[in-house]
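> Got chain A; can you put chains B and C on it based on the hints?
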Amino acid sequence: MKQVGRRQLRMEDDTLIVGAGRFVDDIQIPGMHHVVLVRSSMASALLRSVDVTAARTAPGVVAVFTAADLTERAKILPDGHPSALMKHHRGPPILAESCVRYVGEPIAAVVATDAYLAEDAAELVDIEYEALQAVVNPEKAIAAGSPLVHHDVPSNIGTQIPVSKGDVTQAFASAPVVVKQRVEIHRGAGGAMETRGIVAHWNTASRRMMVWNVSQVPYVQRTVIADALGLPERAVQVINDDIGGGFGYKGLLYVEDLLIPYLAHKLNLPVKWIEDRREHLIASYQERTQHHDLEMALDDDGLIIGIRGRFIHDHGAYSPWGPTVPLLTVVNIPGPYKVPHYNVEAVIVYTNCVPVAPVRGAGRPQAVYAMERLLDSAARQLKMDPVELRHKNLIQADEYPFDVGFVSRDGTRRIYDSGNVPALLDRAVSIIDRDARLREQTELRKQGRYIGIGVACVVEESGLGPYEEAILDMELDGKVTVRIGTPSHGQGQRTVFAQIVAEELAIPFEDVTVLTGDTDNVKYSIGTFASRAGIVTGSAVLNGARELRDRVLKFAATTLQANESELFLDESTVRDKSDPGKSISYSEIVHLAVGDSGRPLSLRDFGPGMSARSSFSPSTNVFPTGSHAAVVEVDIRTGKVNILKYAAVEDFGNVINPLIVDGQVIGGVAHGIGNTFLERVKHDDSGQILTGTFADYLMPTTLDVPRIDVDYLATVCPLNPLGMKGAGQGGTIPVAAVISAAVENALEPFGVRLAHVPFSESELLDLIQSSGASQ
Amino acid sequence: MKPAPFKYAAARSLDEAISLIQRFGEDCRVIAGGQSLMAMMNLRTARPSVIVDIARIEELGQWRKEPDGIVIGAMVRQRKLETDTELRAALPLLADAVGSIGHVATRSRGTIVGSLCHADPAAELPVCAVALDATLVLQSKNGEREVPAAEFFKGVFTTNTRDDELVTAVRFPTPADRTLTAFDEIARRQGDFAMVSTACTARLDNTGAFEDVRLVFGGVGDIPVRATEAERSLIGAKPDQECMTNAGIIAAAALSPYDDIHATSQYRKSIAAVLTERVLQRTLDSSQEKAH
Amino acid sequence: MSEPRDEIDISLTVNGSGHSRTVPARLTLADFLRGTLGMTGTHVGCEHGACGACTVLIDGTMARSCLTLAVQADGAEIVTVEGLATDGALHPIQTAFKSCHALQCGFCTPGFLISSVALLNENPNPTEQEIREWLSGNLCRCTGYQFIVDAVLLAAEKLKNPDPSPAVALSE
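Chains as they are written, first to last, in this note's numbering: chain A, 2 to 776; chain B, -13 to 278; chain C, 13 to 184.
The following block holds chain A by itself, in its conformation from the complex:
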């Protein structure tokens, strides 16, 4: 039965819909204690003293740790994602020792019998700060005289990443048309419904540290924990049964990842730490702000000659995951367009705010926003239809593989493998019925109503290496167990990979069990992020399934004394085309392969068991693409924007489960809508967070997200056996650009220019009123 491409319902749902999921806060271990972290209330200060005496004697408290209680190897968080590009890498201390650099930085850990008592005791920790001047605006941070976040990082510049090709100086010198734009893009917090959390238990019987967490990259934690505790890797096990959403920021390394197991080890007590929502909005890594100053040079026909400029990236106080976000921005600005000359520099700036690291989209929404705003600006200047301008510059279907001209995030040459973005754009435009909408726009303007249309195109890299492994075991009952290393946090890996195996081995979907979320499953795994698991783990699973299939066929051929080419797989059985009487079930095969106690193996040359162990190692990135279009109506008296229609047309290559991919796209668009209107992390000038609860940090609700029209035009990816490209982020990446373009188009009669995102009703009305629009 055809499984790949099927809208297969998810097997994960069976436990989740009855409330039998096992999320980190559901883990209960006898004797478990709770940890509450005391966090800095100052953005920049020297720590004169941290007095824990009162806290230590509070009811229920067993220990209070400060930096002084940590061993040397557990004092600083190692770089989770080392990059040679980061000139001044600064890792956070596990607990702040001499100073604090952002509001929310952990200073002490209170361990008590329950979370209520731990919170009570945390309030008793008495901290004496000597306030220093904080800097929260990245442009101010690089200006002369700014306070330094790290005393030895000049001008707070963590690093600068220039990316270039061709000769922009020459290109711009002779360009007939130049558009210049300054944009400010803010992306906000992660906002998974499940906050972070860790349970750590030193199992004295097995002498292993067991850690349950929410990590998308559990093997990173395994390595770091082992190292910090002086344990061999095999003595650390990281488990995640169910993760309540990851969105990138759970695929990173935090001080708690090291601290909580450290406490469990030191105290010989199981401990649990659950981030509360306030902590999440203050202290979980987020994406925050970039300020772009870019220019685009074009010829008179609208062909892009070059792009140059620079942007300033607010990196926060430390660099726990390298310059990933701004690096992705700088290599993604050209997008799916042909840009012959390019020179953009990312300036990565330390500020006294929480560190910046990937959140769904990971720097690409910023790139798309900057690029698409430039294109709209150019279209206006050239008096050209914005869709036509894009068509002129998009990479055409026959131009793949397309060498962008510089290297990607993974250090390999950035070559787009396949795609047909013009077709995606055409489809998106057709879904929203642009021509009819433009006519409608003209009519409605006469009535004082303002609708607008916007489009955007995107390409993203996915499928990062170095590899993933898969172990497939066929068991005595003929069913198959698959072990992988990439944890799932809502994207249904257990279902999708079961579909691959079920089809390859001709067994029922229900007979495949995929195990993940346990570092004991496979030796190493890189993790689930950057839309890589479907491709890399999926390809490993496919390779493993094919290996297993071969083994089954060869074994059956020998056992049945049949010609292998005559054999086929059908419903967990191997059958002979030329002799219907000849067949052997998988179960029988496994029994033979496992053998009987005390007797020789029937097929000794095959070796024991019916398993396969395989991997997939990508040579380079693959590049999904997309084109979105939106129709909006703007109320010019209130600044309210209503999304009338939203189309997302994606090229994810081959898709294993279209139902799941639909969910990824729609959910991604919803996140993008949040990034367009609602989601902003606000600090005051002293670095205090103003958006510390969901009352102020606003997430999109059922009334903020319209029905999304999703469509696919796949071009098969030639670089992996699945032909797949990765679907986790494409929904989110272009949304802010599309909607901003649509709003600007709606307000064209007033000349309103949108150059920052998100924008609230208040900010939009201010722009409308400043433009002199009649009330």
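From the structure, some residues in chain C lie toward chain B, with a derived Cβ separation under 10 Å:
1. Leu39
2. Thr80
3. Leu81
Hints listed in this document are in silico derivations from the structure and should not be mistaken for laboratory results. Don't be surprised by glycine CBs; every beta carbon is placed ideally from N, CA and C.
Only chains B and C this time, still in chain A's reference frame:
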């Protein structure tokens, strides 16, 4: 985020509740629906040492019609304004406003009186209470007193309630004949606190001109604000777009709203003008609804 | 006269089973269900009443269990997600969530299921707009809500026309 420690008592009678409140004074808080109080306690911005639960005092869970108005007990849930057709008919302004108050889950537990006592500057019910000339009924060991809504709201989260008093009910007087009402607001998202909210009551004379108008705004100051100048501008005027627009301009000009992270003062003034027009129009339209 | 106390004896039923415990006054109903009773199906997403993940039914009414004290629920009948299936048969809303792919990570799901059940109990024929308004107090970061709305519409259908055959394995 767990609450700080406190002691709890479930009062079984009004006397018991009042005794406890008298005894513990400013150290104690009353819990009715708890939708506002619990959030504050979880965040530890409220840290009472005693909580007095009034949910089990049966008489507080009732509302009744009296000759001169409607009396709503302190435990009547906001959701009653959505489900009780009689109550909705008696208080159309509140029925109009209730859909904007939080979400159905919070309205299922939160109480009408509770919201009034919480006195959030951006809450909807205080605005309605002022528009309808409601009075709050407060009881203590010394007896009962009534405070008009216009005097009840003193400041942000601050009311004219003494430490030994329990607000037991809110009384909405029977409106004059032919009173029309409407409520409107603009919030960031539906259910959020309003950036600006507006309640309007109006009567038209037999020539169809405004005879009596009340316009009250929320979200523009520490307490609900009556737009008296705008109200005056409408008296005697025939309801047309011009006078409504004009009223909006006057109303907005008289406001000094605050800036916050969601909206600027200027924005609030702008939408106050828009809301004035909208709510006046809706007030007029409500007469059509009543006729059918 | 009830004297204010730190610890209170409470008795309540949860999904039809009676429980009696002595609880701290400040223990939230969410923590009572999850910690004291070990019923971890109800999830905690924000602890300030904004996300709805903790939604349960108290005496048939939707309530955010993070904003409710366990002691307030003394004498009440609580229904949690674990109590939606009866005699091993899933509630139509549960099967609808699966068949419509209305969940991804599953963390917000219990709150949505309970809220949807409360809606359908009161309004068996909700329109899309009514569904969206009713569920506007429940946050989901994964799904974008579209398939959740589909699931509620499907469940409403199934409740009106009970399907004698088992739930299909495939979405249509």
